[in-house]
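**Student:** Here the protein sequences come in this chain order: X and E. Number 281 marks the last residue of the first sequence (full-length UniProt numbering); no jumps. Number 400 marks the last residue of the second sequence (full-length UniProt numbering); no jumps.
A portion of the hints provided could be inaccurate.
Unchecked claim - Only pairs whose alpha carbons sit at most 25 Å apart, straight line, appear in this in silico PhoX-like list of lysine-lysine:
#, chain 1, residue 1, chain 2, residue 2
1, E, K262, E, K238
2, X, K209, E, K137
3, X, K120, E, K30
4, E, K15, X, K126
5, X, K199, E, K106
To be verified - What the simulated footprint calls covered on chain E by chain X, stretch by stretch (three residues with Cβ under 8 Å from a Cβ of chain X suffice, anywhere in the stretch; the number is not a length):
#, stretch
6, 119-128
7, 157-163
None of these hints come from the bench; they were simulated from the model. For glycine and all other residues, C-beta sits at the position ideal for the given N, C-alpha and C.
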Amino acid sequence: MELIPKIPVAEWVSSFTDWVTDTFEPLFDFIKNDFGDFIEMFAEDWLMNIPIWLFIVVVGVIAFFISGKKLGLTAFSVVGLWFISNQELWEELMNTFTLVIFASLISVVIGVPFGIWMAKSRTVEKILTPILDFMQTMPAFVYLIPAVAFFSIGMVPGVAASVIFATPPTVRFTNLGIRQVSHELIEASDSFGTTNTQKLFKVQLPMAKKTIMAGINQTVMLALSMVVIASMIGAKGLGQTVITGLQRADVGTGFVAGLGIVILAIIIDRFTQNLNTQRGE
Amino acid sequence: MPIIQVENLSKIFGKQAKKATKYLDEGLSKEEILEKTGNTVGVNRASFNVEEGEIFVIMGLSGSGKSTLVRLVNRLIEPTEGSVYIDGQDLAKMDSKSLREVRREKLSMVFQRFALFPHRTILENAEFGLEVQGIDKEERQKKARESLEMVGLGGYINQFPSQLSGGMQQRVGLARALANDPEILLMDEAFSALDPLIRKEMQDELLELQESMQKTILFITHDLDEALRIGDRIALMKDGKIVQIGTPEEILVNPANDYVEKFVEDVDRSKVLTAEHIMKRPETVDIEKHGPRTALERMRKEGLSSIYVTDAKRKLHGYVMADDVAEAVKNDKKDLKDIMRTDILKVEKDTSMAEIFNLIHDAPVPVAVVENDRLQGIIVRGAVIAALAGNEVNLNGIDS
């Protein structure tokens, strides 16, 4: 055993990260500054400027209609949001919401095309599957380190780490959804002379919609679960309050902020699930 | 020129296609090739032509390669060897763009399990082919509506496939294929998933539609009765090979080998065989030239109890009974017309045996087979029974 010295994997990864940081500095700076400003503007200038009562009413009305005019989700959303504002956690909620929205959007924008590519090629599927496994099983904390190296601290590295952690379900489910479309339907599509693009947009994606949406739901939930972890590198929001509670051994504060995350999670989950309907069923 | 020409078309499933084709040329069987190479012979050097406006049925049991064959015709499956000419163009050598063109304009397919798009309404399903061609919405919806109306589904355009019964879903499948107005319709076991009553109804409708459409139809089935019912010609497949091509009658009457013979053994012949197949050359007397004496003599010679009376142009006038003729001879009457009976049982050449059976069971004299009132042959009770039992029948009836 002694014959083989310790392989300097850690050094390699570090120097690789340094190289990436140096090489792509302008890009990272651009993302850090301009994208960071945009996120901040979205959270502080837009979301936080909406009167709380108006925000709650709008969410309540949307909940009422997407849940098929049932009162359960509506009541839960209204009461839950009111509770968070009552606990003086509204700004934190808006920041967390912003982080989840951006992380999820970017994950979907990256994830769906990769899922499609994976569905179209066996080779791509073989290459991507272990990478996705790696992304999901690597402890999420680890992503914080390069995120900080690339984007220093704040919302942007939080979003970046969340994207890495939350993208895999969208990729996997998109791939699965497209592959699940029955062979006969693909043959039917081909027999009418569709191009690959027509087949994708007229048959495969509409048929896979339900599965893809389930993947997106997972992605959103994973992004939300990164909220607390991302707050360790300065992402604002409910997670930060949890961390503060932890550092001060203040159970009460931590619990209330945690409860806020749970309420947000349930609302987002039910919203995305209710939007997931397939035509013709 | 035939609209579809298939020449030496083969499909080997597996990685050693070259080796397997060589074995095929050496005449090895499907099993031997599977054992030697691990490859499956899907279709083994099939050749046939389909003429314009014809319903050509490819018939075989499951695993005989018929579904593979139809997919080779529109190249949903890539052929290993051979050619498929559609309107003289070799599909097997086309680039993907020209292939798409041919599929859009000339070939439409109807699938066994309908293959409707569940997320699209009936109308959207029917317009799919036209949508793919980039035809604008108004026009393609108009055509799709017409095509849905043709199959009797005009009132369902906004429903989804899952809301329709199997029979109705397949009508949508048919309407979707017809909306393109293709020259050729490929129907892969199109009615096999339907229950027997609906299946028969769909067969009738297809035949009815075909009378006005005059499309070329390549129809795949495992059901021999269906093949015999709708096919103008039938190709019988076994182990990827075409064993016989012929009209339904030819296949029933002259099976090419033991396999075909065994296959057609249980067919309900009464629906397939017609008067033409079982009629005999008739003995007749001429109404102008012959008198009772000649009639009696002929009947005695042939052992008949009645004989048909025609004129020089074989036009059927009636028949005379032996008893009456004997009576006339005794009374020295000269004219057949006096004793001729005219309550003749007449059938056409293409009358099915099932109908003849109903006529003949209490007929006192053989049934006359006529064409434009001219006597072509006669059918005796024994011939009907023999034919139903599957005994030899003469294909041409009379050899005049």
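**Student:** Compare the structure with each hint and give your call.
**Tutor:** These are the hints, each one checked on the structure:
no. : hint            : result
1   : E/K262 x E/K238 : holds, 13 Å
2   : X/K209 x E/K137 : holds, 24 Å
3   : X/K120 x E/K30  : violated, 33 Å
4   : E/K15 x X/K126  : holds, 21 Å
5   : X/K199 x E/K106 : holds, 19 Å
6   : 119-128         : holds (count 4)
7   : 157-163         : holds (count 3)
The structure shown violates just one earlier hint, number 3.
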